[in-house]
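S.K.: Now for the letters of each chain:
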Amino acid sequence: MKRLFAWATLIFGMGYFILPLVGLTEFSLSMRRGEYSFDAYAAVLADPRFRETFSYSVVMALLTIVFGVLLVVPTAYWVRLKLPGLRPYVEFVTLLPLVIPAIVIVFGYIRLYNTSSWLPLTGSLTGTNLLLMFGYATLSLPYMYRAVDTGLRTIDVATLTEAAQSLGAGWVTILARVIMPNVLVAVLSGAFVTFAIVIGEFTLAALLNRPAFGPYLQLMGANRAYEPMALAVIAFGITWACMGLIQLVTRFSKHTKAAR
Amino acid sequence: MTALPAAPPRRRLPLNWLGIVPFAAFALLFLILPTMNIVLGAFRNAAGEMTFDNVRGLFTPSILASYWISIKISVASSLLGCVIGFAMAAAVVLGGLPKWIRSPVLTFSGVASNFAGVPLAFAFMATIGPRGLLTLWLMDQFGINLRAEGFTILSFWGLTITYVFFQIPLMILIITPALDGLKREWKEAANILGATTPQYWRMVALPILFPSLLGTFALLFANAFGAVATAYALTGSSLSIVPILLFAQIRGDVLQDPHLGYALAFGMIVVTGIANGIYIWLRVRSERWLK
Amino acid sequence: MAFLDIEHLEKSYGATKVVKDFNLAVDKGEFVSFLGPSGCGKTTTLRMVAGFETPSVGAIRIDGRDMARLRPNQRNIGMVFQAYALFPNLTVAQNVAFGLKVAGESRKVIDERVAEMLETIGLPDLGNRYPFQLSGGQQQRVALARALAVRPQVLLLDEPLSALDAKIRVSLRGEIRAIQKKLGITTIYVTHDQEEALSMSDRIVVMHQGIADQVGTPFEIYNRPRTRFVANFVGTLTLLEAEVLDPASGHVSIGGVEATLGRRLPKGAVTLAVRPEMVSLGPAPGRETEVTGRIVDVDFLGSVIRLRAQIGQSVLAFDTFNSSDAPPPKVGAMVTLSLAARDLLLIGE
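Chains as they are written, first to last, in the numbering used here: chain A, 330 to 589; chain B, 31 to 321; chain C, 62 to 410.
Mixed in with the good hints there might be a few duds.
What the hints assert, rightly or not - Covered stretches of chain A, as calculated for chain B (at least 3 residues, CB under 8 Å): (1) 393-405; (2) 485-493; (3) 571-579.
Stated by the list, open to error - What follows is a set of in silico ranges between Cβ atoms, one per label pair, in the way DEER data are often shown: (4) B:Phe240 <-> A:Gln576: 28 to 34 Å; (5) C:Ser196 <-> A:Asp485: 24 to 30 Å; (6) B:Phe186 <-> C:Ser167: 45 to 51 Å; (7) B:Arg74 <-> A:Met509: 42 to 48 Å; (8) A:Asp485 <-> C:Gln374: 46 to 52 Å; (9) B:Ser92 <-> A:Ala487: 53 to 59 Å.
By construction, these hints were calculated from the structure, which means they are not laboratory data.
All residues carry an ideal CB built from backbone N, CA and C; glycine is no exception.
Chain A extracted, bound-state conformation (with noise of 0.2 Å):
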């Protein structure tokens, strides 16, 4: 009796989720009148415009990726290791971008950094990528700290430390060969939802005017009926390798802990 209402329950959520994606990839699959085809795929895949746009967001991506690491490993680490007292702030800080809205911060943005503001960011095309960067790194945040911080909380953050200190180690050592190593499997899983995040990613890209794969999406969607379609399922995939592969990190690094 228990066990059917679950399996109900279970099946109903299930179906709300592949419902929309059967739709989806049923109507891309139906540019050609009365059969299936990938001809919105071949159409999307000619359009240069696609290229740009993709491998612009994937760059950024992995910039945002890049820099998240570099900024919240040292400072997960440090919090943890020297100044515990300001965990709940730190962790309220990074929490902040699931309150307050995207579009407000980039509102923010476009006005602190405007042209004749003291840091015009957005005056020169490296600026506004830099402000995009770090309008992604802000969105991320929360997952990425908080990935990264219940890895730190796995392994004894203060004894690994002494004992690299007393083999001589200075602290980029002991960053980037002892701490890094350990929680590169915390690392990586917040990496692939960065990536996840950045890559469709709309309302930042679209209001800092920059030619990203999200603003690319909406545009489409607005004058063509089946490419972009097409196109979600190619973002659904990419988001569905993304999580997969942080399911294959982690188990792959739980087989490596048992051996040890």
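Knowing the structure of chain A, use the given hints to seat chains B and C on it.
M.R.: This is chains B and C only, laid out in the frame that chain A set:
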């Protein structure tokens, strides 16, 4: 034994805080200052003087209506997300389903909760849009014309149903660990003391879960309230929920007064702020039993 | 007919039988312990009595009533869990009141009963605390009060002391026993700690691989272990391989030393055992069999000193009391030990 010579009191400058500087600088520059800028801007006029005119400007019927529909959609989608997500998580954790089912459900939730924005809008367009799979199927099989029934995807229910897609998995991801935290002994202890399963849920399990449920609800609310991409891709500017209005305002399409944009954004902060304030207040009240 | 009757109880998970043909009759007001190592089936048996597990075979009757069709919440049983299992969201008083509230008792009855129970466990002033504000020992006492508040027919305790510190464990087991005696409640107590079982129980069931090896009073279990497992598990024993020279009089040779047990013994080789406290250092009145050996090990335990001496092929453990002016023999010293042949136990398989 001779007494050790007293060491001269060496005062070392506390340099530990230096390690937090990069993060603090980043948070200040790209999170806190931009937000403060908006908040202050909401109370300034073009000449930089203090004023309440911008905020007062929000109290027009059309803008109030925007806030109202935004809040309605956010509350409805969060509620639905919470209820369905909770039911699914409970089914997986407590429903006696086979163990292997848990991992795929959680992975899928991870994917679905991140599958928001523009692609999600397309997926629902392809399903319950005018030429969507489900729309056509209902038409063919049952002769139900969704549009004639008054349903369009560019509506309160259309957006709510779409948002629920990422709300459910988010709920599952957050509430599953909380459900795992319910000890089997609590249920057994309640049972052996004569309680039925509903009594156990009412008197023990739900009160224990309440803070997590509440926190998730607040998070889902903020998540829906600030969502721009999905709505924009679905509706363009035709359904004027607040984030869309602000989006258009920033793009310089609609409103004449630039400072009204500040006020709109400020209003969004206030709404999500209030939602989280209620959450924190209720949490403090309900968590007296926690350390 | 006994108050609590367990007949031919069995439990299998798939092909593994974790409880095999378990029979027990418990009298009203009796305190019975299930003693055994982890995985011996003692907890599973207890959980079948509580109704959390369904027996594969067999019957459980309380006061003549068959429990098979009753769910846990219909059995009127009190249970105390190893990890306390207090409801964290309820105060101490609310925890104790839980069962009464569920039973629909009036506010007045509940308040009186809760006050009475808190008095019984010696925590009358802690009613408004939350579980996290209590020590482990206090939490377990509250759990006991909660279980007893509904006046159950039977009280089940599942290793209630194993999460606590050694000192509290000792004092709390005295308290539990005192409360049990005062209320006269029929009790089953699961533990892997022999000291607990020996000190608290009216009777002990020693369990091993799903089987009840021996059921008896603490005195019987300790002094007349029926199986090798019981002998090894309860207390310390030195096992001695012996050759029976005369079965009728129980005359044996233990590595060359001859002794007469005065009991009939089977023919051939047997395993005998002796408790450390039955062996004296030097001659002792009434302990006529004397052996010599070399001390191989000295453990100073405080009031008691446990020594081990090599005698022929065997190592014999024995105890002496601490005495401030007579230090124990050193390792390597040759000593004479004496024991009474009738104290030698015959160990069956």
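S.K.: Now, for every hint given, state plainly whether the structure supports it.
M.R.: Taking the hints in turn, this is what the structure says about them:
no. : hint                              : result
1   : 393-405                           : holds (count 4)
2   : 485-493                           : violated (count 0)
3   : 571-579                           : holds (count 5)
4   : B:Phe240 <-> A:Gln576: 28 to 34 Å : 31 Å, holds
5   : C:Ser196 <-> A:Asp485: 24 to 30 Å : 28 Å, holds
6   : B:Phe186 <-> C:Ser167: 45 to 51 Å : 49 Å, holds
7   : B:Arg74 <-> A:Met509: 42 to 48 Å  : 45 Å, holds
8   : A:Asp485 <-> C:Gln374: 46 to 52 Å : 49 Å, holds
9   : B:Ser92 <-> A:Ala487: 53 to 59 Å  : 58 Å, holds
Violated hint: 2 only; the structure is consistent with all others.
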